[in-house]
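Here is what each chain is made of, one letter per residue.
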Amino acid sequence: MNYPSQVLEQAVNEFAKLPGIGKKTALRLALHLIKRNKQELLLFSDSLKKLANEIRYCNLCHNVSDNEVCNICSSFSRKKEQLCVVEDLRDVMAIENTQQYFGIYHVLGGVINPMEGIGPETLNLESLIRRVEIGEIKEIILALNATMEGDTTAFYISKKLQPFNVKISSISRGIAVGGELEYADEITLGRAITSRVNYGV
Amino acid sequence: MLYINKLHVVNFKSHQDKEIIFLPKLNAICGNNGCGKTNLIDAINYLCLTKSYFNSIDVQNIKENENYFVLNGSFMRKANEEHIFFGYADGGKKVLKKNSIAYEKINEHIGLLPLITNAPSDAAIVTGGSIERRKFIDSTLSQTDAVYLVSLMKYNKMMEQRNAQLKLFEKNNTFDSSLLLLYDEQIAPLNKYVHDKRIHFFNAIYPLFLMNYVAIANKNEPINLIYNSEFKEVDYLIAASRNYRRDMALGYSTSGIHKDDMELLFNNQPAKKWASQGQQKTILLALRIAQLQYIEAEIKIKPILLLDDIFDRLDNTRCKSLIKLLKSDLVGQVITTHTSEEIFENEHKINL
Ligand SMILES: [Zn+2]
Chain A
1 MNYPSQVLEQ AVNEFAKLPG IGKKTALRLA LHLIKRNKQE LLLFSDSLKK
51 LANEIRYCNL CHNVSDNEVC NICSSFSRKK EQLCVVEDLR DVMAIENTQQ
101 YFGIYHVLGG VINPMEGIGP ETLNLESLIR RVEIGEIKEI ILALNATMEG
151 DTTAFYISKK LQPFNVKISS ISRGIAVGGE LEYADEITLG RAITSRVNYG
201 V
Chain B
1001 MLYINKLHVV NFKSHQDKEI IFLPKLNAIC GNNGCGKTNL IDAINYLCLT
1051 KSYFNSIDVQ NIKENENYFV LNGSFMRKAN EEHIFFGYAD GGKKVLKKNS
1101 IAYEKINEHI GLLPLITNAP SDAAIVTGGS IERRKFIDST LSQTDAVYLV
1151 SLMKYNKMME QRNAQLKLFE KNNTFDSSLL LLYDEQIAPL NKYVHDKRIH
1201 FFNAIYPLFL MNYVAIANKN EPINLIYNSE FKEVDYLIAA SRNYRRDMAL
1251 GYSTSGIHKD DMELLFNNQP AKKWASQGQQ KTILLALRIA QLQYIEAEIK
1301 IKPILLLDDI FDRLDNTRCK SLIKLLKSDL VGQVITTHTS EEIFENEHKI
1351 NL
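Line by line, the protein sequences are chains A and B.
Under the numbering used here, the first residue of the first sequence carries the number 1, and numbering increases by one thereafter.
Under the numbering used here, the first residue of the second sequence carries the number 1001, and numbering increases by one thereafter.
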């Protein structure tokens, strides 16, 4: 496609890098933005700049946070002996929405997937083991997506945590096999997290 | 009893509008090259297995200058008539209906109308590499055992990840056997399921294959069939762990059912080198009919057999005994294609 302006072309190219956005949609979005007033557009770009400069991750659980330690990890009302392992922060949000879980989290930042070049060393796994080593955590709930990669990662974690005195369970799979937590409705997910099944290696 | 009694195709490949009536047993579609015999075979393949045998890109099966094709088939299955409709429009989705009710998931149709198609390219089962023979076994077992198909797909995906892990080790200059073990412990039960099922299949078709061969060749010939697999002696976990070093050096997994082969032998040598073309064709047909007998034994219904252009390169005696076999009770409905009508005498001929 030929663009009348390089500035526009550059913006389109950036939009097209986003998941699920093709060149056509990217052009529509860019044209939409330049039609709005300048003030609004600058506000939009400011929030993107802030996202780049100020976003931080919790030192403990790796959830997105505005502080060193996130609200969940620093809350007195959360049970610190119960830890839920998830793939990414969307899963934290989905489980929080159920209002059925009162423990803390650990965000892996992905699942083991060699085809995508993701080995265990690229995930937040060592910090998980360090957290368990301290001894306060009594129960680990594996809430990974029911995909082959999610299962492999759950299997890996349960092996690594075997030497420690923790109970390992997996959320009950009322969730369709191959399904993602994010898409499970709140009732299903809430039920899944309250009725866990012991994880056998 | 399973057979197709009526086929109606519109805008499908070379055919604009064609209707054909079939008989429950042997049918011979006759006509010159290029008159669309194979396309009718493919239409039946679509109706039974929801896809083309020859070209997986549906849009390319639409007749030139048209934008859709429609296939209708009337099948008799255990005394019930089943009307199957398959429609595809350019840019749209496949639509499959049974007795006017559309399937939500097209795959649910597979298994209702079992079918075996043999095309000239299937000569590769005898003359090609081991992958062709594994495909032959896998496609049979997938029609009779849903767990087999799921296990095989899982196995393939696990193997892909295992191979990717090996490449990742190489790239990062690391090695961690516990990561391979992570895959191997998940692969082991899948490997065992697929292997055991293949052995079951092999043991079942072995005597059938030999009998069919003699029936077509009219004599004994030094043919043999063997199934080669390291898992006859050793468990997957042990075999895989022995090969860690080799896998690392080669960058792919050298243990597993993806290395198994069903060897076809003539005089204890590979049939692809040592058997004549007529003998190779006889081997293939004997295998096909054994496959049909296996499916029948498993699901209690004789698959429809589509044989595209098989009489080529078979001498007269073998042709005659093959026809005799195809007319026997061993097989159900058979639909063949030919350029010459001569080999058939009293059969149901469909001239295009
Ligand atoms: Zn935190």
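Don't take every hint at face value.
Said to hold, decoys possible - Straight line, CA to CA, 25 Å or less: simulated DSS-like cross-link-like pairs of lysine-lysine:
| no. | chain 1 | residue 1 | chain 2 | residue 2 |
| --- | --- | --- | --- | --- |
| 1 | B | LYS1192 | A | LYS159 |
| 2 | B | LYS1157 | A | LYS159 |
| 3 | B | LYS1025 | B | LYS1272 |
| 4 | B | LYS1327 | A | LYS160 |
| 5 | B | LYS1232 | B | LYS1078 |
| 6 | B | LYS1135 | B | LYS1232 |
| 7 | B | LYS1093 | B | LYS1018 |
| 8 | A | LYS49 | A | LYS80 |
| 9 | A | LYS160 | B | LYS1018 |
| 10 | A | LYS159 | B | LYS1098 |
| 11 | B | LYS1219 | B | LYS1320 |
| 12 | A | LYS38 | A | LYS23 |
| 13 | A | LYS49 | A | LYS79 |
| 14 | B | LYS1006 | B | LYS1078 |
| 15 | A | LYS49 | A | LYS35 |
| 16 | A | LYS79 | A | LYS160 |
| 17 | B | LYS1167 | B | LYS1219 |
| 18 | B | LYS1192 | B | LYS1051 |
| 19 | A | LYS159 | B | LYS1167 |
| 20 | B | LYS1025 | B | LYS1063 |
| 21 | B | LYS1078 | B | LYS1013 |
| 22 | B | LYS1302 | B | LYS1272 |
| 23 | B | LYS1105 | A | LYS160 |
| 24 | A | LYS24 | B | LYS1093 |
Keep in mind that the hints were calculated from the coordinates and are not lab data.
Quick caveat, the model's predicted, so the values are computed rather than measured.
Tested hints:
1. For the hint pairing LYS1192(B) with LYS159(A), the CA-to-CA distance comes to about 23 Å; that is within 25 Å, so the pair holds.
2. Between LYS1157(B) and LYS159(A) the alpha-carbon distance is near 22 Å, which keeps this suggested pair within the 25 Å criterion.
3. Restraint check: the Cα-Cα separation between LYS1025(B) and LYS1272(B) comes to about 32 Å, which exceeds 25 Å; the hinted pair is violated.
4. For the hint pairing LYS1327(B) with LYS160(A), the CA-to-CA distance comes to about 63 Å; that exceeds 25 Å, so the pair is violated.
5. For the given pair, LYS1232(B) sits about 39 Å from LYS1078(B) by alpha-carbon distance, which is inconsistent with the 25 Å threshold.
6. Distance restraint check for LYS1135(B) and LYS1232(B): the Cα-Cα separation of roughly 20 Å lies within the 25 Å cut-off, and the hinted pair is therefore satisfied.
7. Between the alpha carbons of LYS1093(B) and LYS1018(B) the distance comes to roughly 23 Å, so the proposed pair stays at or under 25 Å and holds.
8. With a C-alpha separation of about 34 Å, the suggested pair LYS49(A) and LYS80(A) falls outside the 25 Å cut-off, and the hint is violated.
9. Proposed proximity of LYS160(A) and LYS1018(B) is contradicted: the alpha carbons are some 65 Å apart, above 25 Å.
10. As the CA atoms of LYS159(A) and LYS1098(B) are separated by approximately 49 Å, the hinted pair breaks the 25 Å bound.
11. Between LYS1219(B) and LYS1320(B) the alpha-carbon distance is near 14 Å, which keeps this suggested pair within the 25 Å criterion.
12. Of the supplied pair hints, the one linking LYS38(A) and LYS23(A) holds, its CA atoms being roughly 24 Å apart against a limit of 25 Å.
13. Of the supplied pair hints, the one linking LYS49(A) and LYS79(A) is violated, its CA atoms being roughly 35 Å apart against a limit of 25 Å.
14. Distance hint between LYS1006(B) and LYS1078(B) is fulfilled; the C-alpha atoms sit about 16 Å from each other, no more than 25 Å.
15. Among the hinted pairs, LYS49(A) with LYS35(A) is consistent with the structure: their alpha-carbon atoms are about 21 Å apart, no more than 25 Å.
16. About 23 Å separates the Cα atoms of LYS79(A) and LYS160(A), which keeps this hinted pair within 25 Å; it holds.
17. In summary, the hint linking LYS1167(B) to LYS1219(B) is not supported, as the alpha carbons are separated by about 52 Å, beyond the 25 Å threshold.
18. Only pairs whose Cα atoms come within 25 Å are accepted, and LYS1192(B) paired with LYS1051(B) is rejected, the gap being roughly 30 Å.
19. Between the alpha carbons of LYS159(A) and LYS1167(B) the distance comes to roughly 23 Å, so the proposed pair stays at or under 25 Å and holds.
20. A C-alpha spacing of about 30 Å is found between LYS1025(B) and LYS1063(B), which places the hinted pair above 25 Å, so the restraint is violated.
21. Annotation: proposed proximity of LYS1078(B) to LYS1013(B) is violated, straight-line Cα distance about 31 Å (limit 25 Å).
22. At roughly 29 Å between alpha-carbon atoms, LYS1302(B) and LYS1272(B) are farther apart than 25 Å, so this suggested pair is violated.
23. In summary, the hint linking LYS1105(B) to LYS160(A) is not supported, as the alpha carbons are separated by about 40 Å, beyond the 25 Å threshold.
24. The straight-line distance between the Cα atoms of LYS24(A) and LYS1093(B) is roughly 23 Å, inside the 25 Å bound, and the hint therefore holds.
Consistency note: the structure conflicts with the earlier hints numbered 3, 4, 5, 8, 9, 10, 13, 17, 18, 20, 21, 22, 23.
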